[in-house]
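Sequence lines, in order, name chains W and E.
Residues 105 to 232 in my numbering are what the first sequence lists, from first letter to last.
Residues 105 to 232 in my numbering are what the second sequence lists, from first letter to last.
Since the hints were made in silico from the structure, they are not lab data.
Straight-line C-alpha distance at most 30 Å; calculated DSS-like pairs for lysine-lysine:
| # | chain 1 | residue 1 | chain 2 | residue 2 |
| --- | --- | --- | --- | --- |
| 1 | W | K185 | E | K185 |
| 2 | W | K107 | E | K185 |
| 3 | E | K157 | W | K185 |
Rough simulated footprint, nothing fancy, chain E against chain W, three-plus residues with beta-carbon under 8 Å:
| # | region |
| --- | --- |
| 4 | 121–130 |
| 5 | 181–188 |
Quantities reported herein were computed from a predicted structural model and do not represent experimental measurements.
C-beta atoms are modelled at their ideal positions from N, C-alpha and C, and glycine is treated no differently.
Number of protein chains: 2
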Amino acid sequence: MVKYQEAELNDIFAALADPTRRALLARLEEGKDGLSVSELAQPFDVSLPAVMKHLTVLSNAGLIRRQKTGRTVNIRLQPEKMAHAMAWLRRYERFWSDGLDRLAAFVEDRTKNETPTDPPAPQDQEDR
Amino acid sequence: MVKYQEAELNDIFAALADPTRRALLARLEEGKDGLSVSELAQPFDVSLPAVMKHLTVLSNAGLIRRQKTGRTVNIRLQPEKMAHAMAWLRRYERFWSDGLDRLAAFVEDRTKNETPTDPPAPQDQEDR
Chain W
105 MVKYQEAELN DIFAALADPT RRALLARLEE GKDGLSVSEL AQPFDVSLPA
155 VMKHLTVLSN AGLIRRQKTG RTVNIRLQPE KMAHAMAWLR RYERFWSDGL
205 DRLAAFVEDR TKNETPTDPP APQDQEDR
Chain E
105 MVKYQEAELN DIFAALADPT RRALLARLEE GKDGLSVSEL AQPFDVSLPA
155 VMKHLTVLSN AGLIRRQKTG RTVNIRLQPE KMAHAMAWLR RYERFWSDGL
205 DRLAAFVEDR TKNETPTDPP APQDQEDR
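Isolated chain W, as found in the complex (with noise of 0.2 Å):
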């Protein structure tokens, strides 16, 4: 169970971790019926043979649907895989958490006392 939810982990991320599958899923984001291959592919600079590798890594991982209507393929995009990958995420939340809401007190005592100074620097706040 635990074995399956890793490997399962380890595709969506992987799915993930490439900027023209980002965007294929972005795109599969506006259009709720789905888009069949040639339209999600149109806007690509991507060769079509590419843009079908990309999508059968996406679909592997679970992130996207094939369903061939007639001579037309249409691809939706499946998230609930998405949610496994957030929910994974969600336990390292409560350390940036922290530090958002220092921040915001910061900017809050500031904005009280209207002296205007330099907001943190990035690196003061990874230094925590």
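Go by the hints and put chain E onto chain W.
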């Protein structure tokens, strides 16, 4: 700017696509003050050079920070970058939150007609 963010997301998701690297991050989550490389590597059935390689990938993705103190290298979690990955995933949340609402309603209906059960054990939580 966008190019930079894309490259950053590539590195983060690629770093998370390996179960040993995810386990290393999970282990770092426990200790606030970080761990030495040998402490960190101890429970893993992987050679020290292999662990070092994984740490380089995590460090290049900005997910950990290595700091040399005397003769030991201290490794700390740097979870801010995971927030970037999470922010990317969050745009898809509306898709699955619809589904989760339906699931919650279903579970609520079921538990109304049932006797109370034990809360989930910590392991169950991790297995989600």
